[in-house]
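Chemist: Please model the entire structure based on the sequences and the hints provided.
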Amino acid sequence: MTIETDAPDDVVDPGPLTTGSRTTAVLGGVALVAIAVLALFGLVLSPADANQGEAVRILYVHVPSATAAYIGCFLTTTGSVLYLWRRSRWWELVAFAGAEVATLFTVITLVTGMLWGRPTWGVFWVWDARLTSTAMLLLLLLGYLAVRRLSADYEVRAKRAAIVGLLLVPNVIIVRQSVQWWRTLHQKPTLFSNGLDSRIEGLMLFSLFTGFIAIALVFLWLLIHRFRVAWLAEQVAEEGLEAAIAERRAEGASA
Amino acid sequence: MWADAWLVAVKDLRIEFRSRVALNQVLPFALLVLVLFAFALDPDRGLLEKATPGLYWVAVLFSALLALGRSFSVESADGVRDALRLSGLPPVALWLGKVLSVAIQLLVLEVVLGAGIIVLYGTSVTGWPLLLMTIVVATVAIATAGTLYGVVAAGLRVRETLLPLLVLPVLAPVLIGSTRAFEAALGGTPSEGWPWVGLMSVFAAVYVVAGALGFGPLMEET
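Protein chains in written order, with my numbering: chain A, 1 to 255; chain R, 1 to 222.
Honestly, the hints are just simulated from the structure, not real lab data. Heads up, the beta-carbon is just placed ideally off N, CA and C, and yes, glycines get one too. Hints may be right or wrong, so weigh each one.
[What the hints assert, rightly or not] Quick list of simulated restraints, FRET-style, between CB atoms: (1) 155(R) <-> 87(A): 19 to 25 Å; (2) 7(R) <-> 238(A): 37 to 43 Å; (3) 235(A) <-> 161(R): 44 to 50 Å; (4) 79(R) <-> 115(A): 49 to 55 Å.
Modeler: See below:
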């Protein structure tokens, strides 16, 4: 990706001209291969867990997805700060793309978590600190996206969304801390004591590692594409208005 | 700056005093919520007593949404927003004024609701200092965060539906903290409630800073 530099919007640099490029095509191919490898190791080659049985395989997707969701949130806050500070449209679109991809991975995290929880704990949902704060994270992201998708001028949408995006990570931290206190004052956090934190080795560790790589590649691919689509959409919106004005002027002149 | 903020707050409170929307509509709504909770959780089964702190703060949050919506809908009429920008008042003062007027309205609301739970739900208070401190800190937290997100949603057609989606998840820590502190103050051990007041103070401090910095750019826009 050489054409996307951090430039102001009037610019020499035209930005992306299509939704994909040769680099992203290669990246997508590698991501597909990584998913295939993950499926092979996660579903076939790695053994079932002594405590969790076959359900442990869900974690090879679940844990990397949660990490990807957090990275997406950090991108959103970083992008929002840089937009407010330097008026960089590039970073504003990175923030938007980050939030959308983070929302997707938060949903994947929650769904896979519930599917894992049902056989392991016997219930889909417990009011554990991690689960609750992840659910709140999803709601905060949906709030950001609601503001970003308002039907208003780009400047209005971008600025208001950037304020919400700026506060995203601080909010997640405060919510997490409060939920943590709330649960631990009532009950001891025992849920993960024989789950994630227990020793993990051999093929299982390798499968988890493959999961991280596959999800990272998918994350990157989605992020780049979402960015490019958003960039093109803003471009079209602007040109559309200019073209319409020019058309009306031409009408007026001919009449 | 405080003098300017006070000017804005007095303006909002004067509008409120003359129109009496909060008094005649928001306050009755809050009391209605208390009565509805009593219908939903039969008072004779003891559920209501246990749930009182949570119900109180849920009622406050819902009413606060109405008060916040009102605080920004008075701005959208007659070009008040533009007039405020032309007034030369610093944005921080505008924001603080908004926070003050919302906080004062919320305090009145909370006192009435507090009387409501004592009279209607038969609640007894064991820790007055904790109770009062919780009310003050939670009010500042709700008013600062609510006002900041209120201006994000201000002037948009989807304002009424957008504001709850933005504010309620953000205020979740305040709901948790104020409810736990109230549990401690209403029949519990008051010393257990003070860490929650601390958490809400941190929250309020974050939003005072964020609001002071964020309000300027939001007011500049066309």
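Chemist: All the hints need checking, so say for each whether the structure fits it.
Modeler: Results of checking the hints against the structure:
no.: 1; hint: 155(R) <-> 87(A): 19 to 25 Å; in the structure: holds (22 Å)
no.: 2; hint: 7(R) <-> 238(A): 37 to 43 Å; in the structure: holds (40 Å)
no.: 3; hint: 235(A) <-> 161(R): 44 to 50 Å; in the structure: violated (30 Å)
no.: 4; hint: 79(R) <-> 115(A): 49 to 55 Å; in the structure: holds (54 Å)
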